[in-house]
Amino acid sequence: MATKEGKQWWDPYETCHRRQFVYRPNSAAEILLCPTSTSFINPYSQSGPFGSTVYNKDFYWKPACKPECIRTGTASGQRRNNPHPSQSFMMWRLPRDATRSPEYVRFPCKCPPSEGEICKALTAQYCSTYRCDFMGMPQGCDHSNDAERRLAPLHSRRHVPLSTDTEMRDSYRQPKQKPEVMGNHSHYSCNVARRGIVPTVVQRHFHTQQKGSVLTTYDRFCGKRATDVTPVITSLLPQELQQLHRILPGEEKEAVKTVLSKDAYPNNGEKGQFCTHMLQEHKEKEESARRSKQVAFTLPATMKALGHGIPVVNIQSTHDGTIITVQEDGAVCFWNPELKAQRTKHIFNEGPANRKSKWASDFSVMTEYNKLMIGTGDREIQLYELSTLEPYCQINALDTVPLTLDYSYTGPDKCCILYGDAEGCVTIILISSVGDTLRLWNKLPKVGNIPNIVIDNAVVSPNVTFVRWKVHHDWVTQAKYFQSFQAVVSSSNEESSSLVIGCVLPLTDAEQQLSEIREACYEGKTKRVQLSWTPQVRASCDQRVFTIHKGVKTFDLCPKHSLLVTGGMDRLIRMWNPHFSGKPTGILKGHSAPIFYVCISSEDSQIFSVSVDSTVKIWDIQDQCCLFTADPKASGIHGDISVCSYSSAMKSLFIAADCMAALSLKIRPKFCSRLIVSHNEPVMCCGYTEEFRQVVSCTEGSVVKVWDFDTGCQVFEFGGTRDLSAITCMTFDSNGRRLITGGRDGCLKIWNFNNGQCLKTLKKDGECQEVCDCIFLKVHRNCYVMSVGRDRKIDIYSDIPEDLHHAQKPQPSWQDDLKNGHNEDILCVVQCPPSLLATSSYDGEIIVWNVVSGRIQCRFVSPHSTEHQDAEGLDTSVPSIIFLKNPKLQQFSSATALLSSGPM
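Just so you know, full-length UniProt numbering puts the end of the sequence shown at 904, numbered straight through with nothing missing.
Everything labelled a hint here was simulated from the structure, so no lab data went into it. The structure presented is a predicted model; accordingly, all values stated were derived computationally and were not measured. Mixed in with the good hints, there may be bad ones.
[What the hints assert, rightly or not] Computed cross-link-like contacts, EDC-like style, restricted to lysine to aspartate or glutamate with a CA-CA straight-line distance of at most 16 Å: (1) Lys764 x Asp791; (2) Lys293 x Glu603; (3) Lys358 x Glu338.
Please model the complete structure; the sequences and the hints are all you need to start from.
Next up, the structure:
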């Protein structure tokens with residue numbers, strides 16, 4: 001629609017753009033020129049017309065020249081470094097609402113003003129744009145109270161409204177939305193461009209930029225999503241921590257509740273305690289997890305000598321725990337787990353006397369068919385009865401020597417036999433109806449006292465599929481078939497094809513050809529099929545190649561963890577995702593010699609590795625750290641290693657070098673299922689705290705465990721490090737919030753047993769002996785920690801929580817203790833409030849002390865010690881004493897009873 005003379009009429013050629021953006025002369029969007037132009041003048045008010053000419057100013061009569069601008073701020077106003085702009089930077093114009101009188105312009109002589117009025121008028125009417133645009137001073141504003149405003153507080157300035165009707169604020173602030181551009185009026189959903197050069201930035205943008213700046217691209221897209229709560233926690237007040245506790249999930253809520261209610265020192269700041277609690281608890285949980293993963297071999301290894309020093313080609317184990325070894329000369333030996341030889345037979349030396357000597361390259365056990373399969377240097381694969389070691393059949397006339405041999409049961413009456421050779425090829429023989437096929441081969445004519453079938457005849461049988469792959473450019477170091485992956489994995493020392501995971505059968509076309517060959521043989525056609533020993537090359541989509549520096553000597557693949565582990569000449573153990581050959585997921589460093597053998601124990605989530613220098617290591621898969629190392633000096637294994645094998649059923653690693661060696665894992669004893677074992681070491685002491693209804697137990701291995709009294713579940717665990725000594729005694733402070741332990745090293749330690757933090761160490765100078773007992777007592781308003789032990793003295797430590805020193809020394813000993821104290825080791829100490837203290841010693845003597853004066857109140861001597869003082873080996877010790885209040889005598893006096901226990 002358009003309007004014409006106030007009426008609406010329809011324009012057939014009218015567009016959306018013409019209808020929505022109507023041309024308006026003198027609009028602000030029509031001409032955008034610099035305000036300092038000499039052809040146009042921009043009035044102060046932005047709502048006025050833009051682009052008015054200055055024809056009268058340039059070509060008509062001009063008033064008298066304006067005087068020099070009054071400059072302030074400097075002494076002379078003429079210095080070259082004054083902060084005022086030059087004349088070229090100034091633009092003079094009239095005030096906001098002032099207009100030039102037409103009578104003054106046309107007839108200036110009719111109104112002759114005085115010289116003072118002219119100066120005042122000119123000075124008042126002309127103000128620079130620098131002053132209003134860049135200093136934020138609106139024209140016509142009264143600046144008489146500027147001094148008071150400058151002295152006003154900063155927050156009060158925020159309430160003073162400043163005029164936005166200036167060129168600078170209108171251009172550099174967020175523009176006001178005009179009614180005609182409000183909303184989306186364009187046909188193509190595009191708005192009119194706004195004026196201004198600075199984009200709008202909100203506070204959320206800063207947080208987004210700061211958060212993204214500390215993360216790498218990998219962490220942002222592929223890393224674990226984690227939230228750093230440390231800045232949040234450190235900025236919270238105690239009341240805010242309480243509020244946070246109410247909205248947190250269960251585990252986090254328990255942590256916050258613990259730190260808010262179980263502070264060891266209530267005077268310290270809650271924020272610092274929370275951070276310390278979280279960090280210490282995380283550290284102790286990691287230490288507890290590390291202790292649970294502790295593993296070690298029984299050293300030294302069990303050693304047995306090998307006959308004639310001939311290398312062993314492989315080690316295999318059966319389901320009943322029998323270990324089978326085959327040496328290069330054909331000597332087969334059966335061992336029990338303790339490496340006691342049960343049976344030995346030389347299979348190559350029996351038979352005709354003119355038989356040529358053979359050597360074995362590798363062997364494998366066909367457990368499902370009770371057969372022993374051996375590869376020989378005569379390019380043969382021989383099968384023997386596993387129970388009698390009698391020859392069963394053999395496949396001869398192979399194209400190459402089978403350097404590495406592997407067998408896998410693939411399904412009901414199906415198997416896969418594969419071997420690698422010196423040409424870098426992997427040959428695969430798939431057999432179906434294995435039982436019938438082997439019985440058929442067993443009836444063939446014998447060659448050298450063993451039924452024989454040529455490989456050319458074996459592969460054309462209807463139950464046999466033969467494939468030969470060209471995989472590596474160097475000899476194959478290891479080859480295995482993994483049923484769960486339906487793939488063959490092979491390795492070599494050549495870098496470009498260090499390890500290859502490939503398919504078993506070729507592509508569809510080749511499979512069709514093989515099926516045609518099988519059908520031709522099965523149907524008995526006269527077409528003669530010739531075996532081609534030319535190896536095939538897999539397509540790139542049918543294999544995955546791993547390029548590893550210096551090649552791969554050994555590998556293992558775990559379907560449970562989807563983990564591939566490789567080792568080689570570069571002394572590094574690499575952990576791979578078997579589905580991705582780009583980069584390893586982890587690298588285990590620690591061996592100082594080339595890796596000879598690696599094995600993954602999926603049940604224990606561990607990796608066993610052996611290097612050529614006979615160093616054995618155990619690694620944790622999850623933490624990727626070394627759990628145990630057995631060097632040759634400790635294990636006793638010496639010489640060149642020929643083969644290794646780990647048996648997960650027997651938890652033993654067998655190594656063949658100069659001798660046959662077995663390294664067995666230390667297995668924790670299994671107790672009766674009815675008996676619940678809480679510790680792995682002897683429990684030395686335990687205590688109960690009413691404050692939290694918890695039981696704390698300490699072991700000889702310096703492990704402290706906290707148990708919930710109501711549920712019997714373990715709450716927390718800490719300690720157990722090598723730098724801690726065995727704990728011999730323990731006690732709590734008066735509030736039950738801190739744990740005090742004594743050790744065999746003569747030291748006392750004060751713990752926050754909720755997070756495992758050692759708050760203070762109490763130790764005296766010089767040689768320290770074992771602490772037998774300790775107590776926490778309060779005398780008047782002072783608190784003390786007392787300990788007794790093998791040094792036959794009472795050590796007193798003042799307890800001052802405000803003391804920030806981590807180490808503390810005892811106070812001077814009592815004089816009576818030094819002169820008239822115990823003559824034997826002090827075994828126990830107990831307090832009777834408010835001022836009595838009793839100690840008992842190994843010789844049966846009990847001394848009651850006054851803790852205020854430090855003097856002896858009385859002394860009790862065991863009657864048996866005086867009667868049997870000449871008897872040898874008589875135990876008169878008093879390991880425990882306790883004060884008992886007599887309820888019947890409480891109404892008359894505060895009488896107490898001292899109760900002691902001992903073997904007498």
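Okay, the hints, checked on the actual structure:
1. Lys764 x Asp791: Holds, because 11 Å separates the two Cα atoms, which is no more than 16 Å.
2. Lys293 x Glu603: holds (13 Å)
3. Lys358 x Glu338: At roughly 30 Å apart (the allowed maximum being 16 Å), Glu338 and Lys358 break the hint.
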